[in-house]
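S.K.: Each chain is listed here by its residues.
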Amino acid sequence: MAKRSNEPVLWALFSAGGVVAALLIPILLFLYGLAFPLGWLEPPAYHRTLALVSHPLGRLVLFVLCSLSLFHWAHRFRYTLYDGLQIKHLNEVIFFLCYGGAAAGTALAGYMLWTIP
Amino acid sequence: MNEAPVYTKYHPRWYRARVSTYWWSRRWAYLKFILRELSSIFVAYFAILTLLQVRALGGGPEAYARFQAWMKAPILIALNALSLFFVLVHALTWFHLAPKAMAVRMRGRRVPDFLIVLPNYIAWLAASAILAWLLLRR
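As given, the protein sequences belong to chains A and B, one line each in that order. To convert, note that position 40 of the first sequence is 40 in this note's numbering; the numbers rise steadily by one, no gaps. Just add 1000 to wherever you are in the second sequence, counting from 1, and you've got this note's numbering.
Calculated from the structure, these hints are not laboratory results. Among the clues, some could well be false.
Label-pair distances were calculated between CB atoms; the ranges are [as the list claims (entries may be wrong)]:
id: 1; chain 1: B; residue 1: 1019; chain 2: A; residue 2: 51; range: 17 to 25 Å
id: 2; chain 1: B; residue 1: 1041; chain 2: A; residue 2: 7; range: 15 to 23 Å
id: 3; chain 1: A; residue 1: 79; chain 2: B; residue 2: 1104; range: 24 to 32 Å
Quantities reported herein were computed from a predicted structural model and do not represent experimental measurements. Idealized CB from N, CA, C, for every residue including glycine.
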C-alpha cells in the first residue's frame, strides 16, 4: 500500500501532466489525428518531422509530454476506479498497474527518444 | 485493526447508506465529473499514439509512411475524433479548475478567478500557435 508521503509527489506529477496535456495535446491530436489523415492539411515531410523530433528540444518536449501525460492518467484513472467502481479491495493492484504503467511508458519514451537517429 | 473492538453500551451504530456503483449516472453534475475524469484515458491514448509515431519515425521513411496510412483507417479517425472531444473537455475543465486549486492572494485580497483562467487560455493559444507554425510552415 502506498505510504501517505507518496501522495504529494504523485499529485504534483498528475498536476504537471494536466497542464502539459491541456496546453499541447489538443492541437497535436487535431493535426495528427484528423487534419493530416483526412487530407485537410499537408503534414510535414519525413525528414522535416525527423529533424523536429530529433532536435534536443523536440526530444525533451516529447519525453516530458509522454511521461507526464501517462502519470496524469495514472493518478486520475486510479481515483476514477476508486470512486466510480468502489473496488477498494483491488487498491494495491490498481496502484501498481497505474503508476507502474506510467513508469514503464516513461522508460520506453526515454529510450526511444534517446536512440532516435 | 486486529484488536478486539471495545463496545460500550448504547454506542450508536454507524449508519452508512449503500451507494450504488452507478451513482454517477443519476445526475448531470456527477456524470460531468466522471466524463472529466475519464478524459485521462484519452490523454494516455495520445501518449501511446505519440510513442508509436516516434517508433515509426525511427524505423525510416517506409515505416513512417505505413504509420501514416494506418492513421487513415476509419476506426482510428473515429477514435481520434472521440479523443479530441475528451482532450478538449480536459483542457477546458483544467483551465477553469486552476483558480480553485490555487487561491492566489495579493495584498490580502483574493485574486479574481478570471485573472488566473485568462493566462491559461493565452498560454494555450500561444502553445497551439507555435506548434501549428512548426508543423505547417513550408
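S.K.: Each hint needs a verdict: does it hold in this structure or not?
M.R.: Do the hints match the structure? See the list:
no.	hint	result
1	B:1019 x A:51: 17 to 25 Å	54 Å, violated
2	B:1041 x A:7: 15 to 23 Å	22 Å, holds
3	A:79 x B:1104: 24 to 32 Å	25 Å, holds
Checked against the numbered hints above, the structure breaks only hint 1 and satisfies the rest.
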